[in-house]
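Q: Now for the letters of each chain:
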Amino acid sequence: MANAGNEVVFKKETVSKLLTRSFKEDKTKVSSDAVILVAEMLKVFVEEATRRSVKQADSEDCDTVDIEHFEKILPQLLLDF
Amino acid sequence: MDEDEAQKQRLKAAVHYTVGCLCQNIATDCEKQITKQTIAAIAETAFRQCDIFAKDLEAFARHAKRHTVTVDDVKLTARRTTALSNYIQQKSEELALNNQELKEKRKKNAAKRKSKDMEAEEENELED
Chain A
11 MANAGNEVVF
21 KKETVSKLLT
31 RSFKEDKTKV
41 SSDAVILVAE
51 MLKVFVEEAT
61 RRSVKQADSE
71 DCDTVDIEHF
81 EKILPQLLLD
91 F
Chain B
29 MDEDEAQKQR
39 LKAAVHYTVG
49 CLCQNIATDC
59 EKQITKQTIA
69 AIAETAFRQC
79 DIFAKDLEAF
89 ARHAKRHTVT
99 VDDVKLTARR
109 TTALSNYIQQ
119 KSEELALNNQ
129 ELKEKRKKNA
139 AKRKSKDMEA
149 EEENELED
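Quick mapping for you: the protein sequence lines, in order, are chains A and B.
With positions in the first sequence counted from 1, the corresponding number in the numbering used here is that position plus 10.
With positions in the second sequence counted from 1, the corresponding number in the numbering used here is that position plus 28.
Just chain A, with the same shape it has in the complex (with noise of 0.2 Å):
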């Protein structure tokens, strides 16, 4: 979501059920403090991908970014992860 400043920021509860539907067991939670951090790493995973991929964008001499250039700095950027 935009927030004036800028920040956008994935909310704390799309991280949360998202979490937790992944989870496979019905007992476990995430402590408030923990969803912020997974927002956190969320984050820096889409502007990871989105600059690498605006990286090899420009080594190609392209203007656009294209799927071909994320999906060239896909295998590193999951092995990174």
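One thing to keep in mind: the hints can contain errors.
Stated by the list, open to error - Computed, partial: chain B to chain A, Cβ under 8 Å:
#, residue
1, ALA42
2, ASN53
3, LEU104
Stated by the list, open to error - Covered stretches of chain B (chain A as the covering partner; in silico rule of three or more C-beta atoms under 8 Å from a C-beta of chain A):
#, stretch
4, 78-86
5, 127-140
6, 145-154
Derived by calculation from the structure, the hints in this document are not laboratory data.
For each residue, glycine too, the CB sits at the ideal point set by N, CA and C.
The hints should help you fit chain B onto chain A, whose structure is shown.
A: Frame of chain A, contents of chain B only:
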């Protein structure tokens, strides 16, 4: 089953929206265009990555014989890259600091309220 699917779509849409904002901001910063297809691909990947995070987090918590995922578990998830690990460490310290400040604020407020209440009680007793 349908409700589960509906919730999944809603979550995907929410993720897609935030990812779109993030991508656009960065692309504009770098003076590039980014295709909708690319944004969609990044959003889908982020969605799946979250699933991987969740499973890791649950495993770490269980390994520590806990049912609640904590900040320490998240730090472990970030272990693969030094820069990421340092960044998360920094963020967790900021959070801890914030929590402490909030606690102290609340203590002060509670103390204030207590002394106000006691003053009010004394006044009432005098009136009686």
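Q: None of the hints should be skipped; say for each whether it holds.
A: Comparing the hints with the structure gives:
1. ALA42: holds, 5 Å
2. ASN53: This hint holds: ASN53/B lies near chain A, its Cβ roughly 6 Å from the closest one there, short of 8 Å.
3. LEU104: violated, 11 Å
4. 78-86: n = 7 at 8 Å, threshold three: holds.
5. 127-140: Result for this restraint: violated, n = 1.
6. 145-154: Per the Cβ count (0), the hint is violated.
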